[in-house]
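Peer 1: Here is what each chain is made of, one letter per residue.
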Amino acid sequence: SQKIEQNSEALNIQEGKTATLTCNYTNYSPAYLQWYRQDPGRGPVFLLLIRENEKEKRKERLKVTFDTTLKQSLFHITASQPADSATYLCAAYSGAGSYQLTFGKGTKLSVIP
Amino acid sequence: DVKVTQSSRYLVKRTGEKVFLECVQDMDHENMFWYRQDPGLGLRLIYFSYDVKMKEKGDIPEGYSVSREKKERFSLILESASTNQTSMYLCAGNKGSANTEAFFGQGTRLTVV
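Residue numbers (the numbering used here), protein chains in the order written: chain A, 12 to 124; chain B, 950 to 1062.
Bound conformation, chain A alone (with noise of 0.2 angstroms):
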């Protein structure tokens, strides 16, 4: 089945570095993948968006790949702050044609003063 999956649960980071989430996917080739954020006990909140035939995309301090060789995404935070706390979702639709819009489970960055 086309699985959208997140290997890490939880990640903790030092202040001012780089963070580095993944996203897999599995049985499929989304041609598009998004990031969320989603702070707890809210909903979550839509940060970038990245192509199939985008290799990268960046948006302030935030920058996501896309290679569809390893069918990973990452999503990369520099210079990271306490305030980048929260966890982080990647989604895609199933397949070509579906409406249906499926998230990994996240991971969880904290960033430590």
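Read the hints as simulated data drawn from the structure, not as lab findings. It should be emphasised that the depicted structure is a prediction, and the values quoted were computed from it without experimental measurement. It is possible that some hints are incorrect.
Said to hold, decoys possible - Partner residues aside, some chain A positions facing chain B, computed with beta carbon under 8 angstroms: (1) Phe57; (2) Leu100; (3) Thr113; (4) Phe114.
Note that CB positions come from ideal geometry on N, CA and C, so glycine has one too.
With chain A fixed as given, assemble chain B onto it according to the hints.
Peer 2: Okay, now just chain B, sitting in the frame of chain A:
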């Protein structure tokens, strides 16, 4: 400002009750989704709708039904609530294509006792 609004932030219901969770969006978006989120399991799709009166099962539809009589409103129904349906429920909406972001409501924390 785009909004997805869920009718209740917290809800406590008794086992066997029929429960309605309401979601309204002001975005004129075609797609609407209902997810539940549980620790360690991430966001799991219950049902989604890509048009008025159209609905499709997600990954965990058992014990739930939905209704979409108007474009802006998508209701989740628990026909006979059970304790294993205690969870955070999240509604989302987006445009009907794979390259658009989803907008989430604030979530309803449902407790079934």
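Peer 1: Each hint should be assessed against the structure and marked as holding or not.
Peer 2: Quick rundown of the hints versus the structure:
no., hint, in the structure
1, Phe57, "holds, 4 angstroms"
2, Leu100, "holds, 7 angstroms"
3, Thr113, "holds, 6 angstroms"
4, Phe114, "holds, 4 angstroms"
The structure fails none of the hints (numbered hints given earlier).
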